[in-house]
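A.B. asks: Next come the chains, spelled out residue by residue.
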Amino acid sequence: MCKRVWLSGLSVLLLSGSAAADEVFFEYSGRLSGELQGYFHEGQFNGQGYHSNASLALEPELYWEFNGGNDSVVFTPFYRLDQRDDERTHGDIRELSWIHVGDDWELRSGLRKVFWGVTEFNHLVDVINQTDAVEDSDGEDKLGQPMVNLSLVRDWGIVDLFVLPGFRERSFAGHEGRTRSGLVVDTANVRYEAGDGDQHIDTAVRWSQSFDLFDVGLYWFNGTNRDPRLEAALIQGKPVLVPVYEQMDQIGFDGQATLDSWLWKLELLWRDTPSDRYSAMQAGVEYSFYGVSDTTTDVGVLVEYGWDERGIDADTIFQNDLFLGSRIALNDAASTEFLVGLGYDLDFDSRSLFLEASSRFGERWKLSLDARLFDARDNRDLMVNIEQDDLLQLTADYYF
Amino acid sequence: MNLTKSFYLLLSLTIFSGPVLAQTPEERGLEIAREVKQRDFGWADMQAEMLMVLRNKQGEESVREIRIKSLEQEGDGDKSLTIFDKPLDVKGTAFLSFSHPLEADDQWLYLPALKRVKRISSRNKSGPFMGSEFAYEDLSSFEIEKYSYKYIRDESCEGGTCFVVEQYPVDKDSGYTRRVAWIDQDQYRVWKVEFYDRKNSLLKTLNFKGYQQYLDKYWRADLQQMINHQTGKSTDLKWSGYQFRVGLNDSDFNKNTLKRAR
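Those protein sequences? They're chains A and B, same order as listed.
Read in order, the letters of the first sequence correspond to residues 31 to 430 in our numbering.
Read in order, the letters of the second sequence correspond to residues 59 to 320 in our numbering.
Keep in mind that the hints were calculated from the coordinates and are not lab data.
Keep in mind that the hints are not guaranteed to be accurate.
For each label pair, taking beta carbons as the anchor points, the in silico distance ranges come out as [unchecked claim]:
no., chain 1, residue 1, chain 2, residue 2, range
1, A, A387, B, G218, 46 to 54 Å
2, B, L109, A, D290, 27 to 35 Å
3, A, D345, B, K95, 57 to 65 Å
4, B, T263, A, A401, 40 to 48 Å
5, B, T263, A, F56, 52 to 60 Å
6, A, L385, B, Q288, 28 to 36 Å
7, B, Q288, A, L399, 28 to 36 Å
8, A, D343, B, Q288, 56 to 64 Å
9, B, R318, A, Q229, 28 to 36 Å
10, A, L111, B, T263, 45 to 53 Å
11, B, L260, A, L385, 47 to 55 Å
12, A, D228, B, Q116, 54 to 62 Å
We treat Cβ as the ideally placed atom computed from N, Cα and C, and that holds for glycine.
Just chain A, with the same shape it has in the complex (with noise of 0.2 Å):
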């Protein structure tokens, strides 16, 4: 149930007048989500021997607005109960934030995330939130992060300004779950390199702006890397992996030309950390095919580039790597949409597939059909760890 229910707090209780500036407006929405994963394989190692997983997830959302519309409170919980994988069961809260909003600036405290960048095939320069990795292996879903933001509207841009106290650990797939290399990931023992540990306070300053068909953000970001080191490690007589978080200083790029039915793309990467120093690069185009051969459907068809400079050495999939993807939309009452994507790795030969449909059901469900499959030629890829884990998934989300 969306429900929209006027308090009238204080003025009620004291039945006096000027109710306005108290009025308290709360809405509770949220989304329900069950999800059956079927694998075509048994997965290569201990602990892997299925070829189904279920899963449900919760996602409340509660939001307070008061003061005329000048403050908010948004709280989002996030719960998964996963029937493999014990890492994968797991909470969050993925926002509880407060926004107080002045004439030309905001200010925006508590758990909170925050999306940078352009490209869709890899999101190089979203450095603010720890990746909440047990959830999908796109990358996209994401844990809450506390932070102090303050942002200023200007003529020449919009200013954002972070102090980001507190660490969020990547989350790692368990013993039984898949897309994980064939040692486990031990987050008990995780190490950093700054003595503060977890409570290192990182900072951030981003500059956004719109010239015209040109839309570009360049940050600085000062902090703990959201990328672990994964060092081989005996724990107890057990061979594990042990994330090593360092300290770094990070300099990003985002920048897209809309140029007519043409998008063009570009992020830029340079980082600096005590065991690497380097740059990475991904950069694409989108072309859209508008009302194709006179029906409502809309074809887009996008082709992405992924570099670093550390070339095979990396510690990322991305290192060398052509994409191309389709997106088309039906544009009819239940929102059909499919996207399909090719990832090539110029360097190991291997690629990957991913394909995504979604339809709207009725006025509160929404069903989709994702599948990936992985192809590893080359031992040294990272990705011949989760070559056996080639997936069809069906999620039915029901929002209230």
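Guided by the hints, dock chain B onto chain A, whose structure is given.
C.D. replies: What follows is chain B alone, placed relative to chain A:
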């Protein structure tokens, strides 16, 4: 013969000097469009709620709930912020548009699940809005430069006597070869529009009902009914909660307001 001569002289004087008789149908059409725009100028800013009821050929309905805030710009198209409440799977999605009479509009979409702001191409004029029978171009603000015009005839209509005017889209991406609009001569309100597709056959008819006047000047219809003759589908667009001059300004229309619009 003298009398006939003076008659012809008088007639020719009238033809060459009389402003009404000298007008071509194209000039007359443009003049009507200017009057429509001029009578609707000066509302400054507004917000309203719209309920869209989509019906397929079998009469099955689905509903969209949307809120809109608009800011008038002098010498340019309007700025607008559109917030989606229903269907629930797109709740929180918001759309920011800076429209321009002739150049491409600037448009950004906010996707709440990813917290992502995406600059999108505004070329998609003729596509359906939210799966409805309204195309994006049917919902954009009326700008004189977007069409060329031709006055056709006078005809009685719901609003009294109407001008019937043909409007030819200037934009090559428009889904129409022409629109035929019925505009009443008293208040210059649009009562009906017929849309002709790229093959110049009748595609849709839009009827306006329940006009109300705001700020003693600006007329807005409570109901817009669009019927697609080729598919048998229809969409009702019901407006409510119209508020003008609520004090919106440029600072209410940027990427920050887009991200927290809800």
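A.B. asks: Give a verdict on every hint.
C.D. replies: How the hints compare with the structure:
1. A/A387 to B/G218: 46 to 54 Å: holds (52 Å)
2. B/L109 to A/D290: 27 to 35 Å: holds (33 Å)
3. A/D345 to B/K95: 57 to 65 Å: This hint holds: roughly 60 Å between Cβ atoms.
4. B/T263 to A/A401: 40 to 48 Å: Given about 43 Å between the Cβ atoms, the range holds.
5. B/T263 to A/F56: 52 to 60 Å: violated (42 Å)
6. A/L385 to B/Q288: 28 to 36 Å: holds (32 Å)
7. B/Q288 to A/L399: 28 to 36 Å: holds (31 Å)
8. A/D343 to B/Q288: 56 to 64 Å: 59 Å Cβ-Cβ, so the 56 to 64 Å window holds.
9. B/R318 to A/Q229: 28 to 36 Å: About 29 Å separates the Cβ atoms of B/R318 and A/Q229, which means 28 to 36 Å holds.
10. A/L111 to B/T263: 45 to 53 Å: holds (52 Å)
11. B/L260 to A/L385: 47 to 55 Å: violated (39 Å)
12. A/D228 to B/Q116: 54 to 62 Å: This hint holds: roughly 57 Å between Cβ atoms.
When the structure is compared with the earlier hints, violations turn up for hints 5, 11 and for no others.
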